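Engineer: Kindly generate the complete structure, drawing on both the sequences and the hints.
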Amino acid sequence: MLRLLASILLCTAALATAQESAPQPVLRWAADPDSNAPYTFYDSSNKLTGFEYEIINAIAQRMGRKAEFIQNDWDGLIPGLGRGMYDVVICGIEITPDKAGEVLFSNPYYVTFEQLVDRKGTPPITSLDQLSGKQIGTLDQTAALAMLEKTPGVEAKTYDEEINAYQDTANGRLFGVLLDYPIAKYYAAPNPNLQFSGPPFGQIVYGIAIKKGNTQLQQELNAALQQVIESGEMRDILSRWGLWTPTVAGAFGQPEEPSLPDTSYKAFVASHSEHASLSTKLQQYWNYWPLLLNAAILTIEISLVGMALAIAVGFTLALMRVFGPWPLRWLATLYIEIVRGTPLLIQLLFIFYGLSQLGTVLGHPELNIKLSPFIAGVLGLGLNYAAYEAENYRAGLLAIPKGQMEAARALGMTHFQGLRFVVIPQSFRLVLPPVTNDFISLLKDSSLVSMVTLVELTGAYQRIATQTFDFFGPGILVAIIYLLIGLPFVRLARYTEQTLAVDQRRPGQKPGIVPGFIKIGKASR
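Numbering (mature numbering (1 follows the signal peptide of the UniProt record, and there is no 0)), first residue to last: -18 to -1, 1 to 507.
Pairs of lysine-lysine, DSSO-like flavour, derived with a Cα cap of 27 Å:
1. LYS102 x LYS116
2. LYS102 x LYS248
3. LYS139 x LYS116
4. LYS139 x LYS102
5. LYS248 x LYS263
6. LYS193 x LYS81
7. LYS81 x LYS139
8. LYS81 x LYS132
9. LYS81 x LYS194
10. LYS352 x LYS426
11. LYS29 x LYS48
12. LYS48 x LYS193
13. LYS48 x LYS194
Think of the hints as simulated: they come from the structure by calculation, not from any bench.
Fair warning: this is a prediction, and the values are worked out from it, not measured in the lab.
Structural biologist: Right, here's the structure in full:
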């Protein structure tokens, strides 16, 4: 009996230990934190915060999961959900019939309206019809844009960042901005040059987006969300962020008065309204050095690997087009024309998102190609620039006189040896300057990889600028970093070019043979 009791106690202890050591399930959620206050954004200390950040963490806690954040660009949030990069998206996504056809939605977690903002002193607007003939700013893929497009005579101008739209209004470039009330409260209300105008327009309902068909996760989210609302935690969160309004109170059937002071809202306004001195700004920029360092390293890695791929593929295409049989020449020409005739951004999005749906389109989901963001970024840049490199190399190959190959063959070389030891080394010297220019261009075009969730230098600049409302200082800083990255490669290319330039000898220097070149007879030809 004692042995049996001891065995039971040991099994119980082992089971408890196993349960404690078992990893906690994860709820992967995505948002675009750039210029995204008060939803999910980085504060002045570069920490993630926002009312949606608190809501999703509260929901995950009630689901017994750990919330794991995954950043993505706004345009890529829904495609990334379908790709399986994360479980849910919470980023101020409005529940509309069009979007409900693409994803599942949780029950609403916030209800609001559209708020018109114009310059201080402008006569108040009571109807959207009064905006006829005026230019109004908004964001793409929003209910506000749909309202403006349905209003006759209104010229809607879409922006990527709401802060830019409000700044244009303050500077007189726009008549006004129509966006969701939380956005207007955080980005427009603190600005003394702007004012709220008109009554609330329409009704906006936010929901958590879930991949189509995942009804089990939808039910779990709804149950946890209901607990957050009924417990009063939702009211506390929205009250602290200054977003508890009669509209959302009525939707949840709770009192209209906030349960807590709006401390988070006041902290945000205070951090962005103070006029910082130059030393304070420099200190603020210094606080972002880990972000900039990581972004610079990622930019260099993507650019170097992408350029190596572009050189290898481009050189192969050039050889196929100049010396290959007609089927290879035709394929190389077709590739070059297609790639040069389509935008790099489209190619990048197709590689990252389109290939992940290739098998589904063909009726064989197992053939879907899901590449990591880094691999997709390298492939997008490398394969795109390969088309331009191919034309550079083709020009270099055709610039070598035919007599060089004939001389090589006369010395007993094969056609391949003539290419390797005579034609290609000479063409390399000719194409080095344009290849250097292409690398600098690729370095700058690496900014597009932010569309596939990578935060390189341009992505870091956008984050810093939208957090600090300062586009000037961070812009100069990032431009200097780009310059410092590119200069060493330019110097290296110039040194290599001078080393291979046989016609630029120093006075009194004896003629020599540059490796890869041959002397025929008494003189070089």
